[in-house]
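Heads up: the sequence shown begins at 507 in the working numbering, then just goes up one per residue.
By construction, these hints were calculated from the structure, which means they are not laboratory data.
Remember, it's a predicted structure, so these values are computed and weren't measured experimentally.
Idealized CB from N, CA, C, for every residue including glycine.
Check each hint, because a few of them may be wrong.
DEER-style ranges, computed between Cβ atoms [stated by the list, open to error]: (1) I637 with R582: 10 to 20 Å; (2) G534 with V602: 15 to 25 Å; (3) F518 with R582: 19 to 29 Å; (4) I596 with K553: 19 to 29 Å.
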Amino acid sequence: MRLFAMLILLAFPFAEIFLLVKLAHLYGWWLGLYLVVITVLGLRLIKEERTLFSAKMMQSVGAGQNPFGAMMGSARNLFAGVLLLIPGVITDAIAVLLLLIPIRQPKLDGGQTYQKTSHSRYDAAANDDIIEGEFVEIKSEIEKK
């Protein structure tokens, strides 16, 4: 099994180069333009995903959803961006397929999507410095005397 996996990994670059040479003979300089445009798109995808990652995570947590879906979506987009940076048509096709696959929210045992349930009237304080609550002062027997 390891030998088979190693052969596939070694054959992949040769297949990519073979396909690029065939396409270069068919389309000429258009293939070079295609590779430059795809590389720029891959760089842009990685850059935008890096800047939006924390916002996606905070939005997911703020909405009471499991942040795993947002993490997996960002990881998928970063991996697709790296695949777009690698020159080749096969890696570009794999990247496009990755981007087309939707990421679903993980399900709980009952088949329901994870959501935050709150039974409290006060979900969050209006000001982060203030902690709202009630207290009861209990005096000991020594203080009463």
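Determine whether the Cβ-Cβ distance between G534 and V602 falls within the hinted range of 15 to 25 Å. holds, 23 Å
Per the hint of 10 to 20 Å, is the separation of the Cβ atoms of I637 and R582 within bounds? Because 39 Å falls outside the window, the suggested range is violated.
Given the hint of 19 to 29 Å, check if I596 and K553 actually sit that far apart at their C-beta atoms. holds, 24 Å
CB of F518 to CB of R582, is that within 19 to 29 Å? 20 Å Cβ-Cβ, so the 19 to 29 Å window holds.
When each numbered hint is compared with the structure, a violation occurs for hint 1 only.
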